[in-house]
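Chains H and Z supply the protein sequences, listed in that same order.
Under this note's numbering, the first residue of the first sequence carries the number 1, and numbering increases by one thereafter.
Under this note's numbering, the first residue of the second sequence carries the number 614, and numbering increases by one thereafter.
Hint data in this document are derived by calculation from the structure and do not stem from the laboratory.
Honestly, I wouldn't trust all of these hints.
[Unchecked claim] For lysine to aspartate or glutamate, the following DMTMM-like pairs were computed, each having C-alpha atoms within a straight-line distance of at most 25 Å:
| id | chain 1 | residue 1 | chain 2 | residue 2 |
| --- | --- | --- | --- | --- |
| 1 | H | LYS387 | H | GLU353 |
| 2 | Z | LYS852 | Z | GLU802 |
| 3 | H | LYS264 | Z | ASP749 |
| 4 | H | LYS88 | Z | ASP707 |
| 5 | H | LYS536 | Z | GLU699 |
| 6 | Z | LYS775 | H | GLU534 |
| 7 | Z | LYS695 | H | GLU535 |
| 8 | H | LYS452 | H | GLU438 |
| 9 | Z | LYS753 | H | ASP520 |
| 10 | Z | LYS852 | Z | ASP749 |
| 11 | H | LYS536 | Z | ASP638 |
| 12 | H | LYS536 | Z | ASP712 |
| 13 | H | LYS264 | Z | ASP740 |
| 14 | H | LYS4 | H | GLU180 |
| 15 | H | LYS88 | Z | ASP712 |
| 16 | H | LYS271 | Z | ASP712 |
| 17 | H | LYS264 | Z | GLU735 |
| 18 | H | LYS365 | H | GLU468 |
| 19 | H | LYS271 | Z | GLU699 |
| 20 | H | LYS365 | H | GLU453 |
| 21 | Z | LYS695 | Z | GLU648 |
| 22 | H | LYS271 | Z | GLU735 |
| 23 | Z | LYS695 | H | GLU534 |
| 24 | Z | LYS775 | H | GLU535 |
| 25 | Z | LYS736 | Z | ASP789 |
| 26 | H | LYS458 | H | GLU534 |
| 27 | Z | LYS736 | Z | ASP798 |
| 28 | H | LYS365 | H | GLU414 |
| 29 | H | LYS452 | H | GLU360 |
| 30 | H | LYS264 | Z | ASP712 |
| 31 | Z | LYS739 | Z | GLU802 |
| 32 | Z | LYS775 | Z | ASP740 |
| 33 | H | LYS161 | H | GLU55 |
| 34 | Z | LYS736 | Z | ASP712 |
| 35 | H | LYS452 | H | ASP483 |
| 36 | Z | LYS739 | Z | ASP749 |
| 37 | H | LYS271 | Z | ASP740 |
| 38 | H | LYS365 | H | GLU432 |
These numbers were taken from a predicted model, which means no experiment stands behind them.
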Amino acid sequence: MFSKLAWRNVRRSFRDYGVYLLTLTFGVCLFYTFNSVEGQGAMVYLARNGNPMVEPILMLIDIFSVFVAVVLACLILYANRFLLRRRKRELGTYLLLGMSQGQVSRLLFLETGLVGLVSLVVGLGLGVVASQGLSAWTLSLFEVDVSGLLGLSFSLKAAGKTVVYFGLIFLLVMVFSGLEVSRAKLIDLIQGERKNEVLRQRSLTVAAVQFVLGAVCLGAAYAILLTVGMAIAVAVLPICIPMLALGTLGTLLIFRSLSGFVMKFVQNRPKLYFRNLNLFTLRQWLSKVHTTYLSQTVVCILLLLAIGITASCVGLNQTLENAANENTSFDITIQNQSADVAGTVDFDALLAEHGVSAEELEWQKDTIFYYNDPAVTGIEDARGAVKVSDLDELRLRAGLPAYSGVLPAVLDQEEIPLTGRLGMTCLVIPDEMAGELEVRRQVWSADYAGDKEQVEAKILAAVEEGQEDYSLFADSRLMRYSDIMGNKILALFLGLYLGFTFLLAAAAVLALQQLSQAADNAGRYAVLRRLGAEEKLVRRSATQQVALAFLLPLVLAVIHSAVGMKAANDLIATAGKVDSVGSSLAAAALLLAVYGGYFLATALACRRMASRG
Amino acid sequence: MEEILTVRELTRVYGKGGGVTRALDGVSLSLQPGEYVAVMGPSGSGKTTLLNCISTIDRPTAGSIVIDGQELTRLRGRALAKFRRERLGFIFQDCNLLDTLTAFENIALALSIVHAPAGGIEKRVKDTAQLLGISDCLNKYPYQMSGGQQQRCAAARAIITKPALVLADEPTGALDSRSARMLLDRLEELNRDLGTTILMVTHDAFTASCCRRVVFLQDGQIFQELRRGEEDRRNFFQKIIQVVTRMGGEMADVL
Chain H
1 MFSKLAWRNV RRSFRDYGVY LLTLTFGVCL FYTFNSVEGQ GAMVYLARNG
51 NPMVEPILML IDIFSVFVAV VLACLILYAN RFLLRRRKRE LGTYLLLGMS
101 QGQVSRLLFL ETGLVGLVSL VVGLGLGVVA SQGLSAWTLS LFEVDVSGLL
151 GLSFSLKAAG KTVVYFGLIF LLVMVFSGLE VSRAKLIDLI QGERKNEVLR
201 QRSLTVAAVQ FVLGAVCLGA AYAILLTVGM AIAVAVLPIC IPMLALGTLG
251 TLLIFRSLSG FVMKFVQNRP KLYFRNLNLF TLRQWLSKVH TTYLSQTVVC
301 ILLLLAIGIT ASCVGLNQTL ENAANENTSF DITIQNQSAD VAGTVDFDAL
351 LAEHGVSAEE LEWQKDTIFY YNDPAVTGIE DARGAVKVSD LDELRLRAGL
401 PAYSGVLPAV LDQEEIPLTG RLGMTCLVIP DEMAGELEVR RQVWSADYAG
451 DKEQVEAKIL AAVEEGQEDY SLFADSRLMR YSDIMGNKIL ALFLGLYLGF
501 TFLLAAAAVL ALQQLSQAAD NAGRYAVLRR LGAEEKLVRR SATQQVALAF
551 LLPLVLAVIH SAVGMKAAND LIATAGKVDS VGSSLAAAAL LLAVYGGYFL
601 ATALACRRMA SRG
Chain Z
614 MEEILTVREL TRVYGKGGGV TRALDGVSLS LQPGEYVAVM GPSGSGKTTL
664 LNCISTIDRP TAGSIVIDGQ ELTRLRGRAL AKFRRERLGF IFQDCNLLDT
714 LTAFENIALA LSIVHAPAGG IEKRVKDTAQ LLGISDCLNK YPYQMSGGQQ
764 QRCAAARAII TKPALVLADE PTGALDSRSA RMLLDRLEEL NRDLGTTILM
814 VTHDAFTASC CRRVVFLQDG QIFQELRRGE EDRRNFFQKI IQVVTRMGGE
864 MADVL
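Just chain H, with the same shape it has in the complex (with noise of 0.2 Å):
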């Protein structure tokens, strides 16, 4: 019996409900995905390479989960508290029925377990679904070919996981909710609907200076983060909590004063103030300042964390890939560090020795670099010498023209093609001024043939074996191309799972707050209506009221992001170039997905709502 209720109850409040649901289900479908990428293609490629970074990626995505949970539990539980309030009346007269409040409690358990049984296998499900979508886009950015490694997976473990999780924070939302209903007391219950927000008509002046106040607050913090730079802005506590706490502080004044602002600016322009329901739609902003200005904050400070946190780590991305393409003229180069001690190492000997044939080198060469002796060459500023006839070939191998210039001459680091740095100033020098001067280091590049995977891991166990006798240090593609991968897939992974969880959270706390906004504007609506507003002026308050909750949040959060993302980007680029253009397009997409659809679905709502009369 209890049991039928309960379903009836949930069928029946869905349009309450499915935002809660919709929220439930990203959020345990975001859980899954990034909790499975152990299993996912790109992961697994960098375990089979054994990339120093698969266990702090995985221990990361951990860590970071335990935060996540969190900050969807408090959602969740936001969300309940919504729905409760909601459904006070309900409540009340289950309790006038006689019900006792146990049974009352118990049903609610009842609701909320089957709420979240729906949600946890949705949930689980489009995980299943978009953690595949996940793989193939990361794979997709490893430009080896490892179409082999993308095969549906089901990540038993994540999903054991991502329940325990969510079994936990819904256990939360029934405890609370059943505390709730026996805290309540009946006469409140019953008039629950009845409370109003009281209204307070604030002055132009108190609003004016709030609102400047505020400007300035952010002015400051933008300041500060400007000419300290984010590196010290963040990591010295005393410039960083005045410069968070001034930035918090006019954001928070700026919301609360804005909608008084507005209104006397349109009070003042009578063609605008009496246009339409112009005047209804901005008073009924102004009504909600007082219950939203709080949440608008925290919506705005979420997003802020959302874009950033996107979009810096698709900047990091970007960097890293830009540094995995320096420095990688062939596919391997082995300096021997000890050729003026120990000698010159006989390569072919070497490699012969441990199966590389000489099929499987497409190309090798060994340079001899040689001590500069400023009394040979006439040069004082350079440790090192190459003969012109050996870089030639590499340049010629990296694909650059031929040198030209004079004899000696001083060389840039870019001028001569390796893989890996060669660390000191050389110079070039005609072939026959080699034979004066000391060797100094050898350097062997190579490009294989056939399957590159083996043929390095053959060399490379050549060069371990060299090392007994030599001071050996080999640098690849394939390795440098590993490290950046791993290095990408943790900035990407943990951005992309932090993002969304704020964005989320954003996005479901403003459409809670307007679906339940809208049902108590029903009334409202059903006045117009009877005065003979027209329907379409009726449904586009509707909307507008909607898209000012969603819009104003989100052009604070960008304005602060854009100051942030320069500073980030100022300190990003000490490491490497940024493609800021890039990386603030792919926040905004992402941005626009989750959070127009949560605006979308809540304005659709929100007019049929107020069309239903």
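Mind docking chain Z on chain H? Use the hints.
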């Protein structure tokens, strides 16, 4: 003089098959411009249904309603909303002011809805507020005003668009007697000085006695009509009570 409202053989049937209720059963009624008419009757007599049909909120099963030369039963959708906002004014029992708007804005909104030119709105609102004696509470919110002030504000909202017909549904129903008296005085002034045509539904004999004519409804049919003529309010009130007594015990609650 051409009639402003003509109701002919109006019938409204609720329900289907065996359980049919005839809320209105062939009611005919007409109002001249500038008339001030009350419809009285016990609960269930069909007076609210009559008002709902005239105010285009409900549709009659049969019969015709003509307001200002326009046959209402033929209007649909947008045209109906347009007619409602331009030709009719409403005063409800629960006054229906928007709680988020000030009194001024509540009245001005009615003009915004009919797309009145923005320049003249402020002056029109202030003039109308003056007429109804609420000039000093224009900047207050509904919850800051007394019930009587709220109802006069609703009345101002109803007449500011200069409608052909003002419809009032139990306007004094939620007011104490002093506020009710004040509202009725104002409505009487509007009728007398501006020639506003008012049709009011009430079950209160005192309220009805302020009108120039009273129509009694019972079981969906017109029972009797009384005209005030040159009589004073007190005598008219006595006559109304006599009719009410004749209509039967159901109206024992009128006093």
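Among all the numbered hints in the text so far, which are the ones the structure does not match?
-> 1, 8, 10, 11, 25 and 26
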